[in-house]
Amino acid sequence: MQVVGTQVIPEMGGKLGFTVEFVGDGGEVVSVVLRNDETQSVNLRNAVELAKAVMLEMAAAKAGDLNSDGPRARLSARAAGDRNAIEEQLDEGLEGTFPASDPVSATGSTISRGRAKH
Numbered sequence: 066m067q068v069v070g071t072q073v074i075p076e077m078g079g080k081l082g083f084t085v086e087f088v089g090d091g092g093e094v095v096s097v098v099l100r101n102d103e104t105q106s107v108n109l110r111n112a113v114e115l116a117k118a119v120m121l122e123m124a125a126a127k128a129g130d131l132n133s134d135g136p137r138a139r140l141s142a143r144a145a146g147d148r149n150a151i152e153e154q155l156d157e158g159l160e161g162t163f164p165a166s167d168p169v170s171a172t173g174s175t176i177s178r179g180r181a182k183h
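Residue 182 in the numbering used here sits at position 117 of the sequence shown, and the numbers go up by one each step.
If you're looking for bench data, these hints aren't it; they were derived computationally from the structure.
Where hints are given, some of them may not hold.
Beta-carbon label-pair distances, calculated as ranges [what the hints assert, rightly or not]:
id : residue 1 : residue 2 : range
1  : R100      : A126      : 40 to 46 angstroms
2  : G79       : R143      : 19 to 25 angstroms
3  : P75       : M123      : 18 to 24 angstroms
4  : E153      : G92       : 29 to 35 angstroms
5  : L109      : S177      : 57 to 63 angstroms
6  : S141      : S177      : 55 to 61 angstroms
7  : G173      : S96       : 19 to 25 angstroms
8  : G92       : D156      : 33 to 39 angstroms
9  : T104      : R143      : 30 to 36 angstroms
10 : R148      : N111      : 48 to 54 angstroms
Note that beta-carbon positions come from the ideal geometry of N, C-alpha and C, so glycine has one too.
Kindly generate the complete structure, drawing on both the sequences and the hints.
Structure representation (structure tokens):
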């Protein structure tokens, strides 16, 4: 894969951290999420270098290391067929959009003109 582009996306304006996306010449996209915490301060200037370091660390790890205590692939709730998790995610999504998901109510107002002339 030849990297043809890099995109840095701030999470909550950079307060939570950044997502760095490396775009390959074949349309591949590799994302690295970097969180700000007590041990690491991520900003626009160092996000790409930190993401590269994470990628190098993962590439240098042996396959056995990844299967023991390292990162593991986790199936999504849909792929795993976990209906309870899917329902929970749906409920959380609906709660997050609560004011916008309520039906619109119509209201009307009248302005009095005073006494009508006969």
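Assessment of proposed distance window 57 to 63 angstroms (beta carbons of L109, S177): holds (59 angstroms)
Verdict for R100, A126 (Cβ pair) under range 40 to 46 angstroms: The hinted range 40 to 46 angstroms is violated for R100 and A126, with Cβ atoms some 20 angstroms apart.
Could one say that the CB atoms of P75 and M123 fall in the range 18 to 24 angstroms? With a Cβ separation near 23 angstroms, P75 and M123 satisfy 18 to 24 angstroms, so the hint holds.
Could you say whether the range 19 to 25 angstroms given as a hint is met by the Cβ separation of G173 and S96? violated (50 angstroms)
Could one say that the CB atoms of G92 and D156 fall in the range 33 to 39 angstroms? holds (35 angstroms)
Quick check on a hinted range of 30 to 36 angstroms for T104 and R143, using CB atoms only. holds (34 angstroms)
G92 and E153 - C-beta distance against the hinted 29 to 35 angstroms: holds (33 angstroms)
Hint says 55 to 61 angstroms; check whether the CB-CB distance for S141 and S177 agrees. With Cβ atoms ~60 angstroms apart, the hint holds.
Confirm or reject the claim that G79 and R143 have a C-beta distance inside 19 to 25 angstroms. violated (31 angstroms)
Hint says 48 to 54 angstroms; check whether the CB-CB distance for R148 and N111 agrees. Since the Cβ atoms of R148 and N111 sit about 42 angstroms apart, the hinted range of 48 to 54 angstroms is violated.
Figure legend: structure checked against the earlier numbered hints; hints not met, in rising order: 1, 2, 7, 10.
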